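Asker: As a plain string of letters, each chain reads:
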Amino acid sequence: MVGAFLYLTACSFKNRQRRRLQRLREPRYVIGLVIGLLYFYFAFFRRGGRRSASFEVPAVAAFATLMQFFGSLFLMAAAVIAWVWPSGRPPLPFTRSEVQFLFTAPVTRRQLVHYMLWRSQVAILFGSAIATLFMRPGSLAGGWTFLVGLWVVLMTLRLHLMGVALRRLSVASHGTRGVARQWLPLAVVLGAIGTLAATAIRAWPALTTLADGSAVVAELQRLAGQGAAGAVLWPFLALVRLPAAASPAAFWSALPAALALLAANYVWVLRSDAAFEEASAEHAERQASTRTAPRAAVKGAAPTPFTLAPDGPPETAILWKNLILVGRYLSLRTLLRLLPLVIVFGVLARNSGTGGIAAFIAAMSLPLAAMAVLLGPQMMRNDLRQDLARLPMLKTWPVKGAALIRGEVLAPTVVATAAAWLLLLVAALFGAGLRPGSREAIALGANRASLFAAASVLAPAVILSQVVVQNGLAVLFPAWVAVGASRARGIDAMGQRLLMLAGILFTLLVSVVPGVVVAAAFAFLAYQLTGMVLILLPAVIVAVVVAGECWLAVEGLGRVLDRTDPSAVESAE
Amino acid sequence: MIDVQHLTKTYGSFKAVDDFSFRVDPGEVVGLIGPNGAGKTSTLRCIVGIQSPSAGAITVGGHDIVKAPVEAKRLLAFMADEPQLFDYLTVMEHLRLTARLYRVRDVDARARNLLAELQLSGKEHALPAELSRGMKQKVAIACGLLHEPRALLFDEPLTGLDPLGIRHMKETIVARGRGGAAVIVSSHLLHLVEEICTRIVIIDHGRKVADATLAELKTHPELAAAGSSLEQIFLTATAGEP
Numbered sequence: 000m001v002g003a004f005l006y007l008t009a010c011s012f013k014n015r016q017r018r019r020l021q022r023l024r025e026p027r028y029v030i031g032l033v034i035g036l037l038y039f040y041f042a043f044f045r046r047g048g049r050r051s052a053s054f055e056v057p058a059v060a061a062f063a064t065l066m067q068f069f070g071s072l073f074l075m076a077a078a079v080i081a082w083v084w085p086s087g088r089p090p091l092p093f094t095r096s097e098v099q100f101l102f103t104a105p106v107t108r109r110q111l112v113h114y115m116l117w118r119s120q121v122a123i124l125f126g127s128a129i130a131t132l133f134m135r136p137g138s139l140a141g142g143w144t145f146l147v148g149l150w151v152v153l154m155t156l157r158l159h160l161m162g163v164a165l166r167r168l169s170v171a172s173h174g175t176r177g178v179a180r181q182w183l184p185l186a187v188v189l190g191a192i193g194t195l196a197a198t199a200i201r202a203w204p205a206l207t208t209l210a211d212g213s214a215v216v217a218e219l220q221r222l223a224g225q226g227a228a229g230a231v232l233w234p235f236l237a238l239v240r241l242p243a244a245a246s247p248a249a250f251w252s253a254l255p256a257a258l259a260l261l262a263a264n265y266v267w268v269l270r271s272d273a274a275f276e277e278a279s280a281e282h283a284e285r286q287a288s289t290r291t292a293p294r295a296a297v298k299g300a301a302p303t304p305f306t307l308a309p310d311g312p313p314e315t316a317i318l319w320k321n322l323i324l325v326g327r328y329l330s331l332r333t334l335l336r337l338l339p340l341v342i343v344f345g346v347l348a349r350n351s352g353t354g355g356i357a358a359f360i361a362a363m364s365l366p367l368a369a370m371a372v373l374l375g376p377q378m379m380r381n382d383l384r385q386d387l388a389r390l391p392m393l394k395t396w397p398v399k400g401a402a403l404i405r406g407e408v409l410a411p412t413v414v415a416t417a418a419a420w421l422l423l424l425v426a427a428l429f430g431a432g433l434r435p436g437s438r439e440a441i442a443l444g445a446n447r448a449s450l451f452a453a454a455s456v457l458a459p460a461v462i463l464s465q466v467v468v469q470n471g472l473a474v475l476f477p478a479w480v481a482v483g484a485s486r487a488r489g490i491d492a493m494g495q496r497l498l499m500l501a502g503i504l505f506t507l508l509v510s511v512v513p514g515v516v517v518a519a520a521f522a523f524l525a526y527q528l529t530g531m532v533l534i535l536l537p538a539v540i541v542a543v544v545v546a547g548e549c550w551l552a553v554e555g556l557g558r559v560l561d562r563t564d565p566s567a568v569e570s571a572e
Numbered sequence: 000m001i002d003v004q005h006l007t008k009t010y011g012s013f014k015a016v017d018d019f020s021f022r023v024d025p026g027e028v029v030g031l032i033g034p035n036g037a038g039k040t041s042t043l044r045c046i047v048g049i050q051s052p053s054a055g056a057i058t059v060g061g062h063d064i065v066k067a068p069v070e071a072k073r074l075l076a077f078m079a080d081e082p083q084l085f086d087y088l089t090v091m092e093h094l095r096l097t098a099r100l101y102r103v104r105d106v107d108a109r110a111r112n113l114l115a116e117l118q119l120s121g122k123e124h125a126l127p128a129e130l131s132r133g134m135k136q137k138v139a140i141a142c143g144l145l146h147e148p149r150a151l152l153f154d155e156p157l158t159g160l161d162p163l164g165i166r167h168m169k170e171t172i173v174a175r176g177r178g179g180a181a182v183i184v185s186s187h188l189l190h191l192v193e194e195i196c197t198r199i200v201i202i203d204h205g206r207k208v209a210d211a212t213l214a215e216l217k218t219h220p221e222l223a224a225a226g227s228s229l230e231q232i233f234l235t236a237t238a239g240e241p
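Line by line, the protein sequences are chains X and Y. For the first sequence, counting from 1, position 232 maps to 231 in numbering that gives the first Met the number 0; every step adds exactly one. For the second sequence, counting from 1, position 193 maps to 192 in numbering that gives the first Met the number 0; every step adds exactly one.
FYI, nobody ran anything at the bench for these hints, they're computed from the structure. Honestly, I wouldn't trust all of these hints.
[What the hints assert, rightly or not] Simulated pairs of lysine to any residue, SDA-like, Cα-Cα distance not exceeding 20 Å:
| no. | chain 1 | residue 1 | chain 2 | residue 2 |
| --- | --- | --- | --- | --- |
| 1 | X | Lys399 | Y | Gly11 |
| 2 | Y | Lys66 | Y | Asp80 |
| 3 | Y | Lys14 | X | Asp564 |
| 4 | X | Lys399 | Y | Asp63 |
| 5 | Y | Lys135 | Y | Thr171 |
| 6 | Y | Lys169 | Y | Asp63 |
| 7 | Y | Lys135 | X | Pro391 |
[Claimed, not checked] Restraint ranges, calculated between C-beta atoms of paired labels, are given here:
| no. | chain 1 | residue 1 | chain 2 | residue 2 | range |
| --- | --- | --- | --- | --- | --- |
| 8 | X | Glu281 | Y | Ala174 | 34 to 42 Å |
| 9 | X | Leu524 | Y | Glu70 | 28 to 36 Å |
| 10 | Y | Ala174 | X | Ser566 | 29 to 37 Å |
| 11 | X | Val33 | Y | Ala174 | 56 to 64 Å |
[As the list claims (entries may be wrong)] So these bits of chain X aren't anywhere near chain Y, every CB distance computed over 12 Å:
| no. | residue |
| --- | --- |
| 12 | Ser11 |
| 13 | Pro391 |
| 14 | Lys399 |
Predicted, not measured: the structure shown is a model, and the values here were computed from it. Quick reminder that beta carbons are idealized off the backbone N, C-alpha and C, glycines included.
Same shape as in the complex, but just chain Y:
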């Protein structure tokens, strides 16, 4: 569903992503992890069309994000770590706007279900200023899920959520994966990645350093000696710890 081939992204002379390739099939939940500045956010932003790749190709559902951006974006949803809402639109108006942009017809029924799923029932007419940070995050996620995307990208999805919200968010992500969507979760919370992801891609200095299931990583000849936890494997793979 998501196919990233030889992606390179440069900012001036700085190479943020360097010849990075990976793919995410339907039903997979892939954890994209790496140290600060490893190139995770640049990769995500290239996949969703916010930034153009400097080199390489990205397809979503067979549509090239550069050559056919509208078709590719129709299949995508990107949940950024910092929810960007319009201050002057209510929760329901955000959903109506999203529905129109993504051509969702039964917006009322879907919105009702999503708001219930994300514990936002009763907040339909609230403006962002009346919501907590966690609730704003949920509104952004509701907008992302409204058109039932086949490819979902989450950047630090648990930021600002309370324990119950965290549990529901994990369930939401896993449910979308089980429902056949291709999901990428970028997070520094390794226990989250360990818990919900079916495969893990580790990126460091813009380059892929590992791409395997947790079980495979634990038996990897170079990483196995590190220990059994993802944290130990991550630190070894990114040379954070000998």
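Just chain X, with the same shape it has in the complex:
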């Protein structure tokens, strides 16, 4: 049976690579490959070359202790999160084809687990190699301890997460009996969390008196290396020591413990009696049915944003449809994903020298508003990029291409604009408390109201132009754009994305130039005639010019869409 699994894994890998090579017949993939390879060259080798000239000691060795500490904390956090916050994926995420072929074949559950482990090797080895290139620039040969060490860590983590998911499945399927059956791992996890929490509580008063961040980290390292907390963190530290080994001797001395942990997790997974087949089959079906649909699963039918009247332009209907998409996919988890960004901006804002909560909030809102304007259109995909996968259906609608695109670009523009306006309003309201002399205070100073009005007028125009560019690319080069949930992989696809990003930024700049030129001429004339520095009116001029350009672009794109053959929209890899 191992032979069959190896054959399946090897053939899948070989054919995937062959398909990637075959698509290099198309110039866009060749260009993408060149860009991707150049990116790798400059990101890894060039930088590595410069670094190796200036540093005698490899980068890893210099930070070995810190890496070990934070690495072990990361692994610990990953293990705890797997227990308390499951990902929603089944323990063994088989594809629909695998379910169809393997679940019906005379294959034991243990063999299925082995197959999944075989299959994961391609990704783990590739990930380890890329990380080695990144961490140890130069050559793989020089970083073999890191490569092998990272493989052991990732493999152990994979096995552990698989084991946790299997245990969770067992608990879920057996109810209270399941808790009784899994009492040992549950007790170990709860005991570990309790031990770390108790250590942190005991050490808290001392930690708060330390002078700076580096002293806090040093104290935490000391605590993590002794007593009960040290015992809890030991397995994670033992694993991390392997890739962080500064020399082959350190590597060999760390290897036995790491391999023992790998073996323990392997046995733990194999001893599981959880019935994973049903969960895997359900997941495979869900994945297959949402392949061309949005990325997450809809949880339930939330209220619609507004009532759709039977009469009116089709654009409103498409806006309504796409706003529903936002409402039904936006969850607490999505918002929590933004939390790290908020914290980073908060820390940056606090360290920038502005004082007080109001100034803190204002300083935090401004970069977030800029993010909503510049990154919102990249992140919000509730438009043609999402719907292009259903182009055959859209083309049966009695709607002209231009109207369809107008409707599609509205939703991301509305959502990103609403976010930008809200953040600008917060900045305007709390900006009153800015400390005199701070950067924000100078920027907002006497013309704060005009500046916020101008920013509020410019924001939707800049957002709209980006959304139009994104949708225009989807219409003009459908095979270059990730459609629905599909996402091509490979160095060539990565190069394509880099090229697209550069194209989008360039087009955005070009689209703003005419408006800026007209507005600058108007502002100059006004200054010459009245001596006043106008802010709001030039912003309105820029916005109107950009909106006009967008209108013309959409009309042109609509004609292209009317002629577009759905077969031009490449199917997902």
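With chain X held as given, fit chain Y onto it using these hints.
Answerer: Then chain Y, alone, in the frame of chain X:
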């Protein structure tokens, strides 16, 4: 109602449909049959405006699908073999969206009747993920029928339906034909075509090989010898069997 004249559709150097002409009058239910790769789906996709013809002309209710697509599509409904629903819209929201796009005013009353006709009552607020494949197919058909189209195209309409659903679907198709709509049914289920279609068009290698009622096909000088069933006639016409 549907007039296809000298339709040719090519993909690169491959000619999927080659100088194909036929028409469907109001009240007719035409069965479009042919082997795999014969050009049926390409023909249907050209008629409904998903793809542009490489040559030839298609009119629906007198409107050219290329020159006046919006007017033509307003009269059309296409029920694809694989229902394409929006994962994040409920059944009723699909119907409301369709109503707005096709300018249907009394959406609530029509939706209620259609959902009852297609045994979807009670599923108004269900998302596609909560529906079986057959139910999704019915939702797509309900959306197609909502604006009371004068030209209907069904591509394998019975896929995924249970026996009761199959019976209701046949009744729905026949009722639309009797109600004056021009209907095209593309299917490999020859007994379905034999049962509900008033005329049969056979296509093979992109070219029309027969266009007649079943009775006429049975007396066709070249096909009559094949036997009395549509299956035997089909195999002879498409050279699947000598």
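Asker: All hints, please: hold or fail.
Answerer: So, going through the hints one by one against the coordinates:
Proposed proximity of Lys399(X) and Gly11(Y) is contradicted: the alpha carbons are some 26 Å apart, above 20 Å. For the given pair, Lys66(Y) sits about 27 Å from Asp80(Y) by alpha-carbon distance, which is inconsistent with the 20 Å threshold. Under the criterion of a C-alpha separation no larger than 20 Å, the hint pairing Lys14(Y) with Asp564(X) is consistent with the structure, at around 16 Å. In summary, the hint linking Lys399(X) to Asp63(Y) is supported, as the alpha carbons are separated by about 15 Å, within the 20 Å threshold.
Under the criterion of a C-alpha separation no larger than 20 Å, the hint pairing Lys135(Y) with Thr171(Y) is consistent with the structure, at around 16 Å. Under the criterion of a C-alpha separation no larger than 20 Å, the hint pairing Lys169(Y) with Asp63(Y) is inconsistent with the structure, at around 29 Å. With a CA separation close to 17 Å, the supplied pair Lys135(Y) and Pro391(X) stays within the 20 Å bound. Range check, Glu281(X) to Ala174(Y): Cβ separation about 38 Å, and the 34 to 42 Å hint holds.
Judged by the Cβ atoms, the range 28 to 36 Å given for Leu524(X) and Glu70(Y) is violated: they are separated by roughly 49 Å. The beta-carbon spacing between Ala174(Y) and Ser566(X), approximately 34 Å, falls within the hinted interval of 29 to 37 Å. At about 60 Å, the CB distance of Val33(X) to Ala174(Y) agrees with the hint of 56 to 64 Å. Distance check for Ser11(X) against chain Y: the nearest CB is about 25 Å away, which clears 12 Å, and the non-interface claim stands.
Against chain Y, the non-interface label of Pro391(X) is violated: not every CB pair exceeds 12 Å, the least being about 5 Å. Under the 12 Å C-beta cut-off, the non-interface status given to Lys399(X) relative to chain Y is violated; the minimum distance is some 6 Å.
Going down the numbered hints, you'll see the structure goes against 1, 2, 6, 9, 13, 14, while the others check out.
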